[in-house]
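Asks: Each chain is listed here by its residues.
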Amino acid sequence: MSNTEASTEWPLWEVFVRSKAGLDHKHCGSLHAADAKLAIQLARDVYARRQEGISIWVVPSNQIVASDPVDKSNYFDPMEDKVYRHPTFYALPDALNHM
Amino acid sequence: MTASVHPRQDASAQYLLRLADTCLILGQRLSEWCGHAPIIEEDIALSNTALDLIGQARALLTHAGRSEAGSPLLDEDQLAFLREEREYRNVTLVELPRGDFAFTVLRNVMVASFLKLLWQRLASSSDAELAAIAGKAVKEARYHQQHAGDWVLRLAGGTDESRRRTEAGLAQLWRYTAELFEADAIDDAAAASGLGPRWSELREPWLAEMNQLLAEAQLSAPQDSAFRSTGKRGVHSEHLGHMLTEMQYLQRAFPGGVW
Numbered sequence: 001m002s003n004t005e006a007s008t009e010w011p012l013w014e015v016f017v018r019s020k021a022g023l024d025h026k027h028c029g030s031l032h033a034a035d036a037k038l039a040i041q042l043a044r045d046v047y048a049r050r051q052e053g054i055s056i057w058v059v060p061s062n063q064i065v066a067s068d069p070v071d072k073s074n075y076f077d078p079m080e081d082k083v084y085r086h087p088t089f090y091a092l093p094d095a096l097n098h099m
Numbered sequence: 001m002t003a004s005v006h007p008r009q010d011a012s013a014q015y016l017l018r019l020a021d022t023c024l025i026l027g028q029r030l031s032e033w034c035g036h037a038p039i040i041e042e043d044i045a046l047s048n049t050a051l052d053l054i055g056q057a058r059a060l061l062t063h064a065g066r067s068e069a070g071s072p073l074l075d076e077d078q079l080a081f082l083r084e085e086r087e088y089r090n091v092t093l094v095e096l097p098r099g100d101f102a103f104t105v106l107r108n109v110m111v112a113s114f115l116k117l118l119w120q121r122l123a124s125s126s127d128a129e130l131a132a133i134a135g136k137a138v139k140e141a142r143y144h145q146q147h148a149g150d151w152v153l154r155l156a157g158g159t160d161e162s163r164r165r166t167e168a169g170l171a172q173l174w175r176y177t178a179e180l181f182e183a184d185a186i187d188d189a190a191a192a193s194g195l196g197p198r199w200s201e202l203r204e205p206w207l208a209e210m211n212q213l214l215a216e217a218q219l220s221a222p223q224d225s226a227f228r229s230t231g232k233r234g235v236h237s238e239h240l241g242h243m244l245t246e247m248q249y250l251q252r253a254f255p256g257g258v259w
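From first to last, the protein sequence lines stand for chains X and B.
By the working numbering, the letter at position 76 of the first sequence is numbered 76, and the numbering carries on one by one without gaps.
By the working numbering, the letter at position 192 of the second sequence is numbered 192, and the numbering carries on one by one without gaps.
The shape of chain X in the complex, shown without the other chains (with noise of 0.2 Å):
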């Protein structure tokens, strides 16, 4: 990792879990960590304890890009009033009825 921060607080992981097989992978928290393997196993002992999942992903939360807030207005709020882009406006065969 890149951490250029003179800091001795250990990096910051995000953590992401899998409940079952199909299922996605979930943002459930973050936690400190020396390196990759120890994130991995405190995810497990924070996140995983309770039986919530069957797989574990940990991400330096250095190299996750996010969206700023600021851009809020002009990035989500024009999709308000476009309900078109919505499938709804199909009529499906009683076949596919529960899709």
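Keep in mind that the hints are not guaranteed to be accurate.
List time: in silico SDA-like cross-link candidates among lysine to any residue, alpha-carbon distance up to 20 Å [claimed, not checked]: (1) B:K139 with X:D45; (2) B:K136 with X:K37; (3) X:K37 with B:K139; (4) B:K136 with X:I54; (5) X:K37 with B:P38; (6) X:K37 with B:L153; (7) B:K139 with X:S55; (8) X:K37 with B:N48.
Label-pair ranges, simulated between beta-carbon atoms [stated by the list, open to error]: (9) X:T8 with B:D77: 41 to 47 Å; (10) B:G70 with X:L96: 55 to 61 Å; (11) X:S19 with B:G158: 53 to 59 Å; (12) B:D77 with X:R49: 21 to 27 Å; (13) X:D94 with B:V258: 55 to 61 Å; (14) X:S55 with B:L207: 30 to 36 Å; (15) X:E9 with B:S193: 50 to 56 Å.
For the record, the hints were derived by calculation from the structure and aren't laboratory data.
The structure presented is a predicted model; accordingly, all values stated were derived computationally and were not measured.
Built from N, CA and C at the ideal position, the CB exists for glycine as well.
Keeping the supplied structure of chain X fixed, place chain B upon it in accordance with the hints.
Replies: The following block gives chain B in isolation, referenced to the frame of chain X:
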């Protein structure tokens, strides 16, 4: 005050109690880290390990508290909290005060490695209940060994201070490991009945695992000494009595208290 209870003295009950008490007492020692570990994540990890060990102890104590015919004589709480010091059968290694973090992870890897090897053998015990307990516990022990072993590597290869503490912990702990492999009549009886292996049979594989870890950490095992601790026979260090006063206080003061 509640009167003390006395467990079965036959070889198979004593064999179970050695294992049960080793888990129980190490679990109690590790629980002392709760709120004191170097970081909160490791605090949770150590508490998880403590709870795994206490869970194993509960199953074993329940089992050891039945008669040979299988009827209940003493329950897990009575055995855990109402025996006198000399009737605890844990190895002395696990009752030593918790020390610093290096001492703790070193002891954890020593015990977890031993327990893993023992649970592996017990999974084919002639005693079906013990075999079932072992089948579950071996997975926990494998993780404890991995987690603690990784810490030993980190501390040994960390700063001058962490290495110094790791070397000091190893020097303190090593001589207490010999007791694990001391042979006696209780082990012979267990081997004869198929209950479980003589603990001495685990010495070679345990040494191989420890030496591999120590080599990776660029540490070396201290020389063997003639010193033998005797906790398995009920003759303990001065530390167990103090632990028991704390462990037993509630059950002695409020007999049968539950929450």
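Asks: Which hint numbers doesn't this structure obey?
Replies: 2 and 11
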